[in-house]
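Counted the way the working numbering counts, the sequence shown spans residues 70 to 285.
Rather than coming from a laboratory, the hints here were simulated on the basis of the structure. Just so it is clear, the structure is predicted and the values come from calculations on it, not from any experiment.
Think about it this way: if two alpha-carbon atoms lie no more than 25 Å apart in a straight line, the pair counts; the simulated DSS-like pairs of lysine-lysine are:
(1) 90 - 102
(2) 102 - 232
(3) 118 - 205
Have a look at the derived ranges for each label pair, beta carbon to beta carbon:
(4) 235 - 126: 35 to 43 Å
(5) 272 - 91: 38 to 46 Å
(6) 276 - 94: 46 to 54 Å
(7) 111 - 159: 31 to 39 Å
Where is the CB? At the ideal position from N, CA and C, for every residue including glycine.
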Amino acid sequence: MAGTAITPTRMVLNQLKGRLKTARRGHKLLKDKRDELMRQFLDIVRRNKVLRAEVEQGLTEAFASLQVASAIMSPEMLEQALMYPRQSVELGMTFKNIMSVNVPVYDFRTKNNDPSEIFPYGFAQTSGELDDALEKMARVFQDMLELAQVEKTMQLLAQEIEKTRRRVNALEYVMIPDLETNIRYITMKLDENESSTKVRLMKVKDMVLKDAHDFK
70 MAGTAITPTR MVLNQLKGRL KTARRGHKLL KDKRDELMRQ FLDIVRRNKV LRAEVEQGLT
130 EAFASLQVAS AIMSPEMLEQ ALMYPRQSVE LGMTFKNIMS VNVPVYDFRT KNNDPSEIFP
190 YGFAQTSGEL DDALEKMARV FQDMLELAQV EKTMQLLAQE IEKTRRRVNA LEYVMIPDLE
250 TNIRYITMKL DENESSTKVR LMKVKDMVLK DAHDFK
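Please model the complete structure; the sequences and the hints are all you need to start from.
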């Protein structure tokens, strides 16, 4: 309740007015941050939708080719063909800043740039469908990596949006109203004290004038 823990003095009033000014400025900045985070978040959600569709389509096609290859080749031959991969991948991660949120940026590099290195077998005893399956998996890998990056970014931005929203609400519905209430309370008390002082001064003046008149 206003006034229960504050002293109604002009020093306290000036301090509260300063805090209110700072709180309003912070509230505006946090609202702007929240709105920009939401805009960035929605852009990433749309990108996520596109990437997910592309990844699902690419994986569906790759698995379809792999199923055909499995039907043509014996399980032993298929396992032997894929047992010793020749290509290796190095995954790197850096960060970029989005509205004070550090989000990951994934990057991968292959051991060499020869496209044929994705095939760890000779072509004499394997089917063309297996080649198609590996090529499609290689193409979809970049989209899968970007999808993982986008989904992690969405998660981090959603957490920051929720944190910012709570701060905005705390300022808007708790701190700023409390400060305004306390300022009104102190202002009212100071006005009452000023009125009481004026009344006392007028009474003193009347008494002085009366005494002076009676003295004459």
